[in-house]
Amino acid sequence: MAHAHAHEGHDHDHHGPDKGIMRWIKTTNHKDLGTLYLCFAFIMFFIGGLMSLVIRAELFQPGLQFVDPEFFNSMTTMHALVMIFGGVMPAFTGLANWMVPMMIGAGDLALPRVNNWGFWILPFGFAMLLSTLFMPGGAPAGGWTMYPPLVLQTGNAFPMLIFAVHLLGISSITGAINVVVTILNMRAPGMTLLKMPLFVWTWLITAYLLIATMPVLAGAVTMLLTDKYFGTSFFTASGGGDPVLFQHIFWFFGHPEVYILILPAFGIVSTIIPTFARKPLFGYASMVYATASIGFLSFIVWAHHMFTVGMPLAAELFFMFSTMLIAVPTGVKVFNWVATMWRGSMTFETPMLFALGFVFLFTLGGFSGLMLAVTPVDFQYHDTYFVVAHFHYVLVPGAVFSIIAAIYYWIPKWTGRMYNEKLGKLHFWLSAIFINLTFFPQHFLGLAGMQRRVPDYNVMFTDFNVVSSIGAFAFFISQFIFIGNMLSCMFGKRDGKVPERVWEGAHGLEWTVASPAPYHTFEDPPLVGDNGEPVAAGQTAKAH
Amino acid sequence: MSSPAPANGQQRYFVPDPSAWPFMLTAGLVTLIIGVWSSLEDKNLGPLPYYLGGGFAAFVIFRWFRGIALESEGGKYSKQVDMTYRMGMAWFIFSEVMFFGAFFGALYYAREVALPWLGGEGAKGVANLLWTGFEASWPSNGPANLGGYYETVSAWGLPFINTCLLLSSGVTITFAHHALKDNKRLACILWMWATVAFGVVFLYCQAVEYIHAYHALNLTLHSGVYGSTFFMLTGFHGMHVTLGTLMLTVITIRLMLGHFKPDSHFGFEGVAWYWHFVDVVWIGLFVFVYVL
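Chains as they are written, first to last, in numbering that gives the first Met the number 0: chain A, 0 to 543; chain B, 0 to 291.
Hints were generated in silico from the structure; no laboratory data involved.
This one's a predicted model, so the numbers in the text were calculated from it and none came from an experiment.
C-beta: ideal position from N, C-alpha, C; glycine also.
A hint or two may mislead.
Incomplete in silico selection of chain A near chain B, CB under 7 Å [claimed, not checked]: (1) V179; (2) N184; (3) A187; (4) V308; (5) P311.
With a cut-off of at most 27 Å between alpha-carbon atoms, the simulated DSS-like pairs for lysine-lysine come out as follows [to be verified]: (6) B/K78 - B/K180; (7) A/K227 - B/K42; (8) A/K194 - B/K78; (9) B/K183 - B/K78; (10) B/K183 - B/K260; (11) A/K278 - A/K492.
To list a few chain B residues with every Cβ distance to chain A over 12 Å, as calculated [what the hints assert, rightly or not]: (12) F103; (13) V224; (14) S227.
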């Protein structure tokens, strides 16, 4: 699929990428930027993971062992910010960079320079955010939700926290605009909306959510900034404001944000399961509509994060019922995944294992979410480890497993080298076991009344905390298998045996190009047929 | 890279060469931010980061947009690229709408929830226990009378004039657009300068109003939630008008340099969209901040 050979006398002005570090600083290529996004995300996963180990080490036994409470709170706060804004979101954006143009038959993203900007904001933004660890007064310790008045007590770090959030917001918005415009404007002829792979669909809706909500977060943190330094009183009752106002604005962003963190995962799983079940996705259209419904509902459920704050009864009821409604489209999705596998000719390669782990464990997290949605019950669970268990179930064996699955699934296409299947399977089983060891006991801890964001606890919680901490350390160590496997894919010897269609059950445009995919794919768009693949091989410049 | 026509006769999508502008822009912005941080936290870095970061960022933005204008005038953009810019601008404006939405939402919440509750409504009047005897009203600087006695700006003085100015500017920019489409370039340029003038006069009036509010009315950012919402909403709008006026000026200068064609002038239209957006936000401000 070397496009360059296809056009007689095609006089390239570009001679491939620059050399050395300048290639990565100046690149406008979606594959380069996708790689940068993914590498950045993994550095952030590592840093955020170390922070979580500080938390788990401190919670290994009751009493204060290693860190003082202020630093403990910094760790919980920074762990969340790093994992959400530095880990999961950039990882998904990296996958979108790599895959969306290849999946819809576009040459690149619509706005390549803006794409570069969106990436290069991130290292600067996180340098600012992480620099707060070394500032007088310490890193932000008021929780990633930044509730006033607590967060206003942050020391020198406070403006850096706010401006870092602003920068990350700009990065997300530019990235999202790029994805939306690419999908709406750059599809190859014949690639109609309802022929797009689900990963593209879910990213389209994710990008919409990002454009709609990141500016709202920017507004909220701007109000924090002016409240602290310029004498405004948005969140001060004595001036007629209300701290609860912040929670409303924050969660108007925050709830769509949690779907931003999971919708691309749905797309990945919907891509992988049909490949290894060797059947087309069951209920494609219903998947699209379910995703859109989740996107819509995400805007009218935010106050379920605030049931105990003192809202009117009518609001509690409204947000309870609207939240429970989300179980319907999510149920449609889980049903479709299971129905896709029904009587499929299944094999269990590593990507499939992670996808199956996702379906099972994400659904568990969904069920605990349903429990939390019930207002009177939430009064009991609020701010306990039950909540921690819930959102880690949807984020780690949910979002993170899907990212890992996607990388195992597509890295042969990216690098032209196959990963080690045995190590991959080992990585899955260790991850699946230890992630449950880490988070399942936290359900019990929460139900028994252990509070989150506190470095000390009642001795009766000791046993489950020991188990949880052991699980966390083992999970972290298991990920080195993954890193090793990936590094060997990136830098190992290329034996040239990886075919265009890496998985024989896989369908879609990305499997019609060479492995590794050429630096520029689809400079001339292919004509896409009903099966989502090029109609005439000649027109898509099949090599030679 | 160039875009030679492929076999099917369509122009190939323009993919720009590698560029260091985005990286440099970020470096400039972060330098600026460090300057702001040092001011807010008394770190005595002085004004140097402001000049260095701000100046550098402005330089990069100028060069980046200049490059885009040259690419556009050089005929590198196909219809499809044009559509990319249209969609990109539309979604960007949507994100701006949501940003203002946060502040309008805060205004709504303060008036309809926070203050009434402080005055004893809702949740068994519990919020009123903090400030017994406080009665909710609007405008309000809260139960503690933050910032002391103040008066509000009347809607029917300068704000009304400003409304007329912005609405007129919406008309003049439409005249300019029609002139451009009819290839009457001089008329277009004159209508554009008229639009710029409306923007500048608007900003002057806003400045006069702010000075009046601070000195004669004692209405400041410290005047409780009324002062907060008033200055933050009008202030952010004012920043957008400033940016919009700058954009209009650039477009007008480009017109004078002979840029844009009757059938191809998205740079012009994008700025016009932005200007209309700023206009619509002002209508919202006039109704919800000044009149009601």
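Here's how the hints hold up against the structure:
1. About 6 Å separates the beta-carbon of A/V179 from the nearest beta-carbon of chain B, less than 7 Å, and the hint is met.
2. A hinted interface residue such as A/N184 counts as satisfied when its beta carbon comes closer than 7 Å to some beta carbon of chain B; here the least separation is about 5 Å, so the hint holds.
3. At about 11 Å, the closest approach between the beta carbon of A/A187 and any beta carbon in chain B exceeds 7 Å, and the interface hint on this residue is violated.
4. Contact between A/V308 and chain B, as hinted, is not supported at the beta carbon level, the nearest pair being about 10 Å apart and thus beyond 7 Å.
5. Contact between A/P311 and chain B, as hinted, is supported at the beta carbon level, the nearest pair being about 6 Å apart and thus within 7 Å.
6. Among the hinted pairs, B/K78 with B/K180 is consistent with the structure: their alpha-carbon atoms are about 17 Å apart, no more than 27 Å.
7. Of the supplied pair hints, the one linking A/K227 and B/K42 holds, its CA atoms being roughly 17 Å apart against a limit of 27 Å.
8. Using a Cα cut-off of 27 Å, the hinted pair A/K194 and B/K78 holds, with the two alpha carbons roughly 24 Å apart.
9. Between B/K183 and B/K78, the direct Cα distance comes to roughly 24 Å. Compliance with the 27 Å bound is thereby established for this hinted pair.
10. This hinted pair checks out: B/K183 and B/K260 have alpha carbons roughly 11 Å apart, not beyond 27 Å.
11. The suggested pairing of A/K278 with A/K492 is violated, with an alpha-carbon distance near 33 Å, which exceeds 27 Å.
12. With a cut of 12 Å on Cβ distances, B/F103 falls inside the contact zone with chain A, its closest approach being about 10 Å.
13. In this structure B/V224 is not separated from chain A by more than 12 Å, as the shortest Cβ-Cβ distance comes to only about 4 Å.
14. A cut-off of 12 Å between C-beta atoms contradicts the statement that B/S227 is not in contact with chain A; the least separation is 4 Å.
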